[in-house]
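Trainee: Chain residues, written in single-letter form:
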Amino acid sequence: MQVLQTQDEQTLSASTAALGRAIVITSGKGGVGKTTTTANLGTALARRGARVALVDADVGLRNLDIVLGLESRVKHHVLDVLEELVPLEEALVRDKNSSTLYLLAAAQTREKDEVDTDKMIALVQSLRERFDYVLIDCPAGIERGFKNAVAGAQEAIVVCTPEVSAVRDVDRVVGLLGNRFEPQLVINRVRPHLVRKGKMLSVQDVNAILRLSLLGVIADEPEVIVSTNKGEPLALRSDSPTASAYHAIAARLAGEDVPAPTVEYKESFMERLGSFFGGRR
Amino acid sequence: MSARKIVFTSGKGGVGKTTTTANVGAALAKAGKRVVLVDADIGLRNLDLVLGLEKRIVFDLVEVVEGRCQVRQALIKDKRFDSLAILPAAQTRDKDAVTPEQMGKVIDDLAATADYVLIDCPAGIEGGFRNAVAGAAEAVVVTTPEVSAIRDADRVIGKLAERAMPVRLIVNRIRPDMVRSGDMLSVDDVCEILSAELLGIIPDDEEVIDTTNRGEPIVLGEGNRLRSIYEKIARRLEGELVPFTNLDTPGFFGRLLGALKAG
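Chain order of the listed sequences is A and B. Per the numbering used here, the very first residue in the first sequence carries number 1; after that it's consecutive. Per the numbering used here, the very first residue in the second sequence carries number 1; after that it's consecutive.
Rather than coming from a laboratory, the hints here were simulated on the basis of the structure. For glycine and all other residues, C-beta sits at the position ideal for the given N, C-alpha and C. Misleading hints may appear alongside valid ones.
[What the hints assert, rightly or not] Some chain A residues judged to face chain B by a derived CB distance under 8 Å, without partners named:
1. V86
2. D171
3. R180
4. V195
5. R196
6. M200
7. Q204
8. P222
9. N229
[To be verified] Across the chosen pairs, the derived CB separations fall in these ranges:
10. A251/A - A161/B: 40 to 50 Å
11. V86/A - V242/B: 28 to 38 Å
12. A18/A - R56/B: 29 to 39 Å
13. D113/A - T92/B: 18 to 28 Å
14. G223/B - D116/A: 34 to 44 Å
15. R163/B - G175/A: 31 to 41 Å
16. A18/A - I193/B: 27 to 37 Å
17. D113/A - A161/B: 18 to 28 Å
18. V86/A - R72/B: 26 to 36 Å
19. E66/B - L176/A: 14 to 24 Å
[Stated by the list, open to error] Straight-line Cα separation of at most 20 Å, DMTMM-like style, residue types lysine to aspartate or glutamate; simulated pairs:
20. K159/B - E111/A
21. K96/A - D118/A
22. K197/A - E101/B
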C-alpha cells in the first residue's frame, strides 16, 4: 500500500513545467466506439510509459468505468470534484492493469446540465498539470454534454464507422468543432470482406468526404464485444491485430513515424453520398 | 380514433433505434396501417437516410414548430408506400429549438390522421430525449447484449417509469454463436436484468449496414431473414400473440451432426 501511495504521489504531483495534451474523443453518433477507443488508446499510451487520465464526460450514462473493469472501484465522480466535495486526487481511480493510467468517472445519477463549463475547463487544466495525456470521452449527440466535453480540450479525435449515417454525423461534428481544432480521424468497425464485396464504405470512401488526417483504422472483431463485457481493454493483449492497431494509434499520436493505416480503395456509394454532404459550416 | 404514439429510445447510441424505427414503421405500413415516423434527432438526423428520402426534404420539424409551414407540408411520403410518411428533423439547428410542449402538439396533430406515430429518439437523456418522449404514450427500448448498452437502457427505463410510460424491449444484434460460446449475454439475461416485457429479438446481420447505406429498409427488400422478424414485431404491436423466432438454429455442420446422431 505504501508503494502504491508513493507511486500515486509521483504520478499525481502537479507541475506547470510542461502541460499535458487534452484530447476529446467525439463522433456525434452514438455507438461508433468512442468509449472503447478512449479506453484502448489510454491503455496503449500508458504502456508506452505516459501518464494518462481518462475523463468520462457522459454524465448520467457513464460506461468508461465498465470498459476498464473499474466500476466497483469508483467512489467519486467529476461532479464531486467540480463541486469541491473531494479533491481531484481522491476522485481519480487508478487502473487495474496500467499503473500510470487513471479514470475520472462521470456521475451516473446526475444531469449534464449540472456541469458548469468553466469549471470543466479548469478541471481539464489541472489534469494537464499532472498528466501527459488527458483523454476526454465525449457523450453522443451535440447537446450540452458535447459542449462541456469539448470545452477544455486542445485536440480532437473523431471516431467514425463506415456507415453513411455515422459519416454524416461526424461531418456535422467537425463543423461544430470549428477552426480551433484540427480533428484526427479514427475509422472503426471496418469489415474488409464487406468492403471488398462493395457492401461497405471503404476507408477511402469515408475520408473522401471527411478529408481529415487519418489517425487509425480498426477492424470490426467480436473480441471487442467480449473485452468490453469483461472490462479488459484489448490493448492489454499482445496477440491481437486489433490491439496492434491501437498501439499504432498511440505511437502516431506520440509523434512517431508509423506506416499509414491500411487504406483500401473502392469506389462505391459515392454518387449518393455526394448529394447530401454539400459542405460543412 | 387517435393513433398509437410510440417512442423508440435506448440511452446509448448506435444500438439500432433508427434502423428499428424505419423497419417496424415500414412493416406496419405494409400491413395497411397509416404510419408517420418522426425524427427527433435535431442536428443529427438520419432517419431520412435510412429510408432513402434525404433528397426530398423541403421542410422540417423545427419549421413546423415555428409555424413556417403546415405539418402536412413537411411530411415526406415514402416512395414505396403511400401510407408511410416521415417528418424529418432539422439538420442545422439545436435540440433546444423545440420545447417538449411544442413537440407534444406536433405529435398530437400527426396522430389525428394516422394509426401509428413512431418517434425516433436521439441518443442520451438530455433535452432531445425529453422532447422525443414528451409526445409519446408508449415506449420501445432498443438495446444490444452489451453491458454498457444494458446499463444505459436501465437508466432510460427508470426515466420512463417516472413518467409512468409502458415500456417494451427489443434486443438487437444478437449473435447466437457468441451466446452459445458464452461470449455474449443471452436474451434471457438481458430481460432478467431489465425486467421489461419483450417485444422482439433481432439477430446481428451484416446486410443491415448495406441496406442502411443504400436507404432501403430490409422490410421492403426480398429474402432477408430479418424481414419476417420486423413483421412479427409489427404484429405484436397490433396485439397479436406471435411466438419468438428461435435464433438458436444449428448451422450446417450442427444439422449434419444432429442427423447423424438421429440416424
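Trainee: Now, for every hint given, state plainly whether the structure supports it.
Mentor: Each hint tested on the structure:
1. V86: 23 Å, violated
2. D171: With Cβ-Cβ at 10 Å, over 8 Å, it is violated.
3. R180: Violated, about 19 Å.
4. V195: Violated, because the Cβ-Cβ distance from V195/A to chain B comes to roughly 11 Å (cut-off 8 Å).
5. R196: Not OK, violated: R196/A not within 8 Å of chain B, min 13 Å.
6. M200: It holds, given that the least Cβ distance between M200/A and chain B is near 6 Å, below 8 Å.
7. Q204: 15 Å, violated
8. P222: At about 6 Å, which falls below the 8 Å cut-off, the nearest Cβ of chain B leaves the hint on P222/A intact, so it holds.
9. N229: Where the cut-off is 8 Å and the nearest Cβ of chain B is about 5 Å from N229/A, the hint holds.
10. A251/A - A161/B: 40 to 50 Å: Since the Cβ atoms of A251/A and A161/B sit about 47 Å apart, the hinted range of 40 to 50 Å holds.
11. V86/A - V242/B: 28 to 38 Å: Once the Cβ atoms are compared, 52 Å apart, the range 28 to 38 Å for V242/B and V86/A is violated.
12. A18/A - R56/B: 29 to 39 Å: With a Cβ separation near 54 Å, A18/A and R56/B fall outside 29 to 39 Å, so the hint is violated.
13. D113/A - T92/B: 18 to 28 Å: 23 Å, holds
14. G223/B - D116/A: 34 to 44 Å: 54 Å, violated
15. R163/B - G175/A: 31 to 41 Å: 34 Å, holds
16. A18/A - I193/B: 27 to 37 Å: At 45 Å between Cβs, range violated.
17. D113/A - A161/B: 18 to 28 Å: 21 Å, holds
18. V86/A - R72/B: 26 to 36 Å: 55 Å, violated
19. E66/B - L176/A: 14 to 24 Å: 22 Å, holds
20. K159/B - E111/A: Holds, at about 12 Å.
21. K96/A - D118/A: 31 Å, violated
22. K197/A - E101/B: Violated: K197/A and E101/B sit about 47 Å apart, past 20 Å.
Going through the hint list in order, the structure does not satisfy hints 1, 2, 3, 4, 5, 7, 11, 12, 14, 16, 18, 21 and 22.
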